[in-house]
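A.B. asks: Just so you know, the protein sequences line up as chains A and B, in that order.
If you're matching positions, the first sequence starts at 1 in full-length UniProt numbering and goes up one per residue.
If you're matching positions, the second sequence starts at 1 in full-length UniProt numbering and goes up one per residue.
What the hints contain is simulated information worked out from the structure, not anything from laboratory work.
Check the hints yourself; a few may be wrong.
In this list, chains with the same sequence are indistinguishable; a pair is considered to hold if it fits within one copy or across any two.
[What the hints assert, rightly or not] Straight line, CA to CA, 25 Å or less: simulated DSS-like cross-link-like pairs of lysine-lysine: (1) K155 x K215; (2) K212 x K200; (3) K212 x K225; (4) K150 x K200.
Protein chains: 2
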Amino acid sequence: MSAAGTARGPLVLIAGAGEYPLRLARILSDQGEAPFIAALEGAADPAAFGDADVRSYRLGQLGSLLGELRRRGVSDIVMLGSLPRPSFGSLRPEASTLQYLPYFARAFRGGDDHLLRGVVRFFEEQGFRVHGPAEIAPELTAPRGPLGRKPATAKQQALLEHGFSLLAALSPFDIGQAAILADHRIIAVEAAEGTDAMIKRVADLVARGRLKIGKGDGVLVKAPKKGQDLRVDMPAIGPDTLRNIAEAGLSGIGLRAGEVLVGDRAALGRQADQLGLFIEGSA
Amino acid sequence: MSAAGTARGPLVLIAGAGEYPLRLARILSDQGEAPFIAALEGAADPAAFGDADVRSYRLGQLGSLLGELRRRGVSDIVMLGSLPRPSFGSLRPEASTLQYLPYFARAFRGGDDHLLRGVVRFFEEQGFRVHGPAEIAPELTAPRGPLGRKPATAKQQALLEHGFSLLAALSPFDIGQAAILADHRIIAVEAAEGTDAMIKRVADLVARGRLKIGKGDGVLVKAPKKGQDLRVDMPAIGPDTLRNIAEAGLSGIGLRAGEVLVGDRAALGRQADQLGLFIEGSA
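Required output: the full structure, derived from the provided sequences and hints.
C.D. replies: Below, the structure written as structure tokens:
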């Protein structure tokens, strides 16, 4: 990964919603690199990138984007940020994008994984290299060990390991990026609802007296699925995740080091300290 | 199982909440057997058993119950119906039950499985045989094949098999009695929230446009965990389950034949027909 990282040329950051694209732009700019930024309309606000070299594109303007990248001699791509799953009908393709419609049509038939793999394959077939955000800026991901002052206790470690085993067992089924464990057992498994909804469910069970979670008990584990393409689809947590697990009465978060986006490690560590939570990465 | 069934003597039905104990009492009475019924206070209404030989007991009256069973020469037990997890403090043990408090104390430390295993062990140590409801009345469980007129289509069968594989993979983790699948993928996995809450979650995702489930797609699978003691802890579905999955826009239910309680097979089949759902047992 680092070899590919050093070998790359000028970069385009294709930016979706959220803080992560902004943070990656800042990290690159701090390193003296000024990538071209393609802000996806309806997801990323171009103004948020300050005086960076940024333009907005609709999905239907893929032709224009490719033209611009070729004009600039950009052959390396990193994509970051969330994107509401678009409908085929909302593409409104411009003339130069019409030739790519069959790619879109194929990619849109299938799940999210299929769609994302289609996007990577498309750019590769057009002669681009697609890099993962973790390769471009490893500091965006969970490190090994605690992010804040508090490490997981031996008991919490045991829960985390049980949780990572569960996620590994679920991996062949294309689900299981996250789970919540407490009192030596698994109390919630994430599927289509997403991590925040799963945490909220546990908070509700506790609030309605259906579940008791003791102090220092209760952990969230998060890891990518086996075979998940970390170039375009990394699991991520952020300040909201920490707030939500604190509200649910959990004690901390365990993450697969290097494979889960955390954004600002230091800020997240400080927030964890303030909330009395642990947050740490495991190899 | 059937050998043990034929070998047994007079039976006590220890009845918790719900329709299943009533149905089992009726099945036995139709077969000319009149079991003694111990209705657990706060869970089973003794009046609901009509003119059966029934008495109410609090959990704290275990001593009285054992005395009564011995007086009657009853040495075979079947337990059925749900019981809200009692608190140790609410036992209010009578004098003749005090000697059994250490058993209660041990059983109460741990999960539900532990508690139920403790109950079985207790009765066995007191010289009783504990039978599963499926052994006493197999007609309470899902048969092989459809309960209504509609069998699962080949596509639905494929989803069911994928779901049963998932439940088997989850089994070592002491969860995974149920899951919902649609569009070739797993969209919900049950853990501490229970089956009805899981179905409701999928209904909410659909209602909020987060998930689309096509007609004829969307199935619920339900099976016991590996090692689950089917004598005291069988997964169960009923009329509410069918109503809930119809409301969530699912197309049917797959059950492990002989290992999931359905209560009244014929009534459930008729209800499934009315709702346009399939419901069937798989070997």
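A.B. asks: Decide, hint by hint, whether the structure agrees.
C.D. replies: Going down the list of hints, with the structure as the test:
In this assembly of identical chains, the alpha carbons of K155 and K215 lie at most 25 Å apart only when taken from the same copy (12 Å versus 46 Å across copies). Both within a single protomer and between protomers do K212 and K200 lie at most 25 Å apart by alpha-carbon distance, with minima of 15 Å and 22 Å respectively. For the homomeric pair K212 and K225, the shortest alpha-carbon distance between copies (23 Å) is at most 25 Å, but the shortest distance inside one copy (29 Å) is not. For the identical chains of this complex, K150 and K200 are intra-copy neighbours only, at 24 Å inside a copy versus 37 Å across copies, given an alpha-carbon limit of 25 Å.
Hint compliance for this structure: no hint is broken.
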